[in-house]
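K.L.:
Go by the hints and put chain B onto chain A.
Spelled out, the chains give:
There are 2 protein chains.
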Amino acid sequence: LKTLAVAIDVMGGDHGTVVTLPAAMEALKKHSNLFLYLVGISDQIEPFVSLLPEELQERCKRVAATQVVEMDEVPTVALRTKKASSMRLALELVKSGEAQACVSAGNTGALMVMGRYVLKMLPGVDRPAIMYALPCDDDNGLPSKVRVLDLGANVDCDPEHLHQFAVMGSAFSKAVDNLANPRVALLNIGSEVMKGNETVKRAGELLSQQQGLNYIGYVEGTQMYRGAADVVVCDGFVGNIALKASEGVARLILDSLKREFNRNFYTKLIGFLAKPMFKKLKQRLDPNEHNGGTLLGLNGVLIKSHGGAQIPGFVCAIEEAMRVAEQQVPALISKDLEKLLYEE
Amino acid sequence: LKTLAVAIDVMGGDHGTVVTLPAAMEALKKHSNLFLYLVGISDQIEPFVSLLPEELQERCKRVAATQVVEMDEVPTVALRTKKASSMRLALELVKSGEAQACVSAGNTGALMVMGRYVLKMLPGVDRPAIMYALPCDDDNGLPSKVRVLDLGANVDCDPEHLHQFAVMGSAFSKAVDNLANPRVALLNIGSEVMKGNETVKRAGELLSQQQGLNYIGYVEGTQMYRGAADVVVCDGFVGNIALKASEGVARLILDSLKREFNRNFYTKLIGFLAKPMFKKLKQRLDPNEHNGGTLLGLNGVLIKSHGGAQIPGFVCAIEEAMRVAEQQVPALISKDLEKLLYEE
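Residue numbers (our numbering), protein chains in the order written: chain A, 128 to 471; chain B, 128 to 471.
Treat each hint with caution, since some may be false.
The list treats identical chains as interchangeable, and a pair is accepted whether it falls inside one copy or across any two copies.
[As the list claims (entries may be wrong)] When the alpha-carbon atoms are kept at most 30 angstroms apart in a straight line, the in silico DSBU-like pairs for lysine-lysine are as follows:
(1) 407 / 395
(2) 395 / 156
(3) 409 / 272
(4) 409 / 385
The hints are simulated quantities; they were obtained by calculation from the structure and are not laboratory data.
Bear in mind that the values here come from a model prediction, so they are computed numbers and not experimental data.
In isolation and in its complexed conformation, chain A is listed as follows (with noise of 0.2 angstroms):
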């Protein structure tokens, strides 16, 4: 197995290095061919790392940072003043090319811009996205997932955005998932009047016309639950809502069955019954379970981790940015938009 080098921003999230560190180590036990660059404040980072077995210390590489970037601050004022923060300095590593991927809980509109700064995009594309893998049941009704883009990075998108989009996520979904031939739909709504607003009308066009893209045509929300595509693309803003919206529908279903299982002493037994059922649906809806977003189309692995990830969350951020570093998505990308969007 050939190492990988990746470089984590140890000082990012919720949490910081409370849950990044043991996340690190949990990483390196787990993979004897990944390499650490453990970039962060070094009082908070030394104390933990002399604390390993000789043998991982030998896997990691301190990093000292001066600055923080936190997680409300103004992502053109980070770029502009955090020059020596732990996210700018992981992100040096893999422009220079010494770590082969970045991972960050940090401020995710400061990871945009100075990931784009420092990284640049890779030639063809206009905009990096952020995707995310979200759980799905497929055809057969048996838990999968689905790779959806943009989450949150453009909030005002032309066709030609959605369109590259397309591309990008098709790439990745076939390096990192190993799908031959990944299905990519449009986000759109049903048919409610007109279907679709002028940009998604104009993407679809764009998208049938292409060559060597799975293009199977619109999605609904309800259906990008069920499978009904491998990749599915929308603007930033309403991904975000889509998101955010399923997150707020999911909690509310599992806060009421809560409250209706905890009404009386025998409602609290059946629940305790009830308990392994539940367990694994929380593991489903757990953004732990499928943590780590990818910002894509810039010219480096760039792993994007939920802010609030705890432990195993984190180390899946990892074991992502591992996955797409081994594949050279950024490189596989490339190739696809020349040889798709820029050939003829």
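P.N.:
Only chain B this time, still in chain A's reference frame:
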């Protein structure tokens, strides 16, 4: 109690008269002040109505239509060619003042276009909007509801349209939900990169300058389901996507649980014991329970039932029509629009 006359398009919906006629009878039994126009193909209405007790027969009038608007018909074609349809005749009854409201489970687009053509828009309204009530938890974790518009009538909206939707939704909520000062919010994305697209940002500016409206700012999809606002405003594309994504997740969760509880004899037994706890949840999520969307902005009361609604759901829609007609919502909206938008 003043008599309320409601015109029912008995042909609309996935199930047609099999649902609409029994529901109509049910509603007549429940509300002694209700009078119904049953608009549809005579052959299908006659046998049913002739079986009703005389007391109920006296409170409904059959109106013969010779055409039916199909569920998948192109709205503008329906408008042009279906002048003798049940949908059209039901709307004409509202126009003429014979009925105070119209209820249909038919083709949403056609209903929209015909409603607009027959009833006309309220002065000062550029576009009608579809509003539904969605379930949510209030601040204390108790079941409540939130009115959301637009859910699919307008796929491309200007900030001015969203402004009008906010005023209409607020007037509706005051009258029908009995809220003195409904909290109105714009649906927006979270802290990812930048807050919102240009349309939402500008609508936010308009609304924060608006006197006499309790505008509370942006809400995310997650907060929408936590009772953060009484009225949530968005464009029809975004609203419809959020709604369908919510439905998709809800179904994913329920299917997941069903699978877990169906695993073996033991889990089935626990599932049987847990049934009452699930019943409450299913009721909350069942579109039948809060059935009846309103097409706001028309000069007349037009209620859209879910196409797949069952009998209790269609009764709900008739009852919503009664409430909206009783409160004379179109007149209230008109007054508020004039006062808020066009006076200084």
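K.L.:
My question is about residue 407 and residue 395: at a cut-off of 30 angstroms on alpha-carbon distance, are they close within one copy, between copies, both, or neither?
P.N.:
Both, since 19 angstroms and 16 angstroms are each at most 30 angstroms.
K.L.:
Is it within, between, both, or neither for residue 395 and residue 156, if the alpha carbons may be no more than 30 angstroms apart?
P.N.:
neither (39 angstroms within a copy, 40 angstroms between copies)
K.L.:
Pop the pair residue 409 and residue 272 into one bin, within, between, both or neither, using alpha-carbon distances up to 30 angstroms.
P.N.:
both (15 angstroms within a copy, 25 angstroms between copies)
K.L.:
Pop the pair residue 409 and residue 385 into one bin, within, between, both or neither, using alpha-carbon distances up to 30 angstroms.
P.N.:
Both, since 12 angstroms and 14 angstroms are each at most 30 angstroms.
Checked against the numbered hints given earlier, the structure breaks only hint 2 and satisfies all the rest.
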